[in-house]
Amino acid sequence: MQSLPTGYRALVLGASGAIGAAVAAQLELDPRCAEVCPLSRHGAPALDFDAPDTIAAAARTLREKDCWHLIVVATGMLSGPTGKPEKRLADLNAVHMAASFATNTIGPALVLAHFAPLLTKQERGLVAVLSAKVGSIGDNRLGGWYSYRASKAALNMVIKTASVEMARTHPNAVLAALHPGTVDSALSAPFRGAQIGRRASDAARDLLAVLDSLQPQDSGGFWAYDGQRLPW
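Positions 2 to 233 (the numbering used here) are the ones given, in order, by the sequence shown.
Think of the hints as simulated: they come from the structure by calculation, not from any bench. It is possible that some hints are incorrect.
Straight-line Cα separation of at most 30 Å, DSBU-like style, residue types lysine-lysine; simulated pairs [as the list claims (entries may be wrong)]:
1) 122 - 88
2) 85 - 161
3) 161 - 88
4) 134 - 161
5) 134 - 66
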């Protein structure tokens, strides 16, 4: 991360997942990075989107340290105990939709609310949240996947709105929604992820490179791993 000051400090939320772990590993190899703090539901401090109070508690714990320069939110839910991506309107159910929004929208939004104040004000700061290209309303040509698409589109709005507010208090900050592509991970495994996905380490490298290139005027944007700006 050449755009961040030497000795920068990074937080990776969702570090127990494939992409989060790969991001943390790459940052730990960067000699310019002074500290990487991986956070997950099994870490210390614990951070669990199913228990929103843990988000605020983790932020309070980390506030006791110096400011942070990089915050990566590498979380997401496509399928699980509540259901799979819906192919038709008739497949919609409230429980699965609520679970999708809890993980893909509400959790990251609360992270921004509690963790954004930890970002440095004097130096360059970066906040990246994993979104998905299927959350693009303008790019939706296939339909289906209602809950996942809607929750990621809502996440994009949270990022855009937060970037407007953050620009007033953190003029050197960049907030970005990032699409990692299809990655071989637990999220994509039920959908041939191992056959069609890329390695998590490749995705992490590309995402960090895109983030490193963004400027304050790009804050609030939606970007793919190859640097392409995606439509809302």
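Hint by hint, here is what the structure shows:
1. Restraint check for residue 122 and residue 88: the C-alpha separation of about 44 Å exceeds 30 Å, so the hint is violated.
2. Between residue 85 and residue 161 the CA atoms are separated by roughly 28 Å; this keeps the pair inside 30 Å, and the hint holds.
3. Between residue 161 and residue 88 the CA atoms are separated by roughly 28 Å; this keeps the pair inside 30 Å, and the hint holds.
4. Our distance criterion of 30 Å between C-alpha atoms is met by residue 134 and residue 161, whose separation comes to about 15 Å.
5. Taken as a hint, the residue 134 and residue 66 pair is broken in the structure, with Cα atoms around 35 Å apart against an allowance of 30 Å.
Checked against the numbered hints given earlier, the structure breaks hints 1 and 5 and satisfies all the rest.
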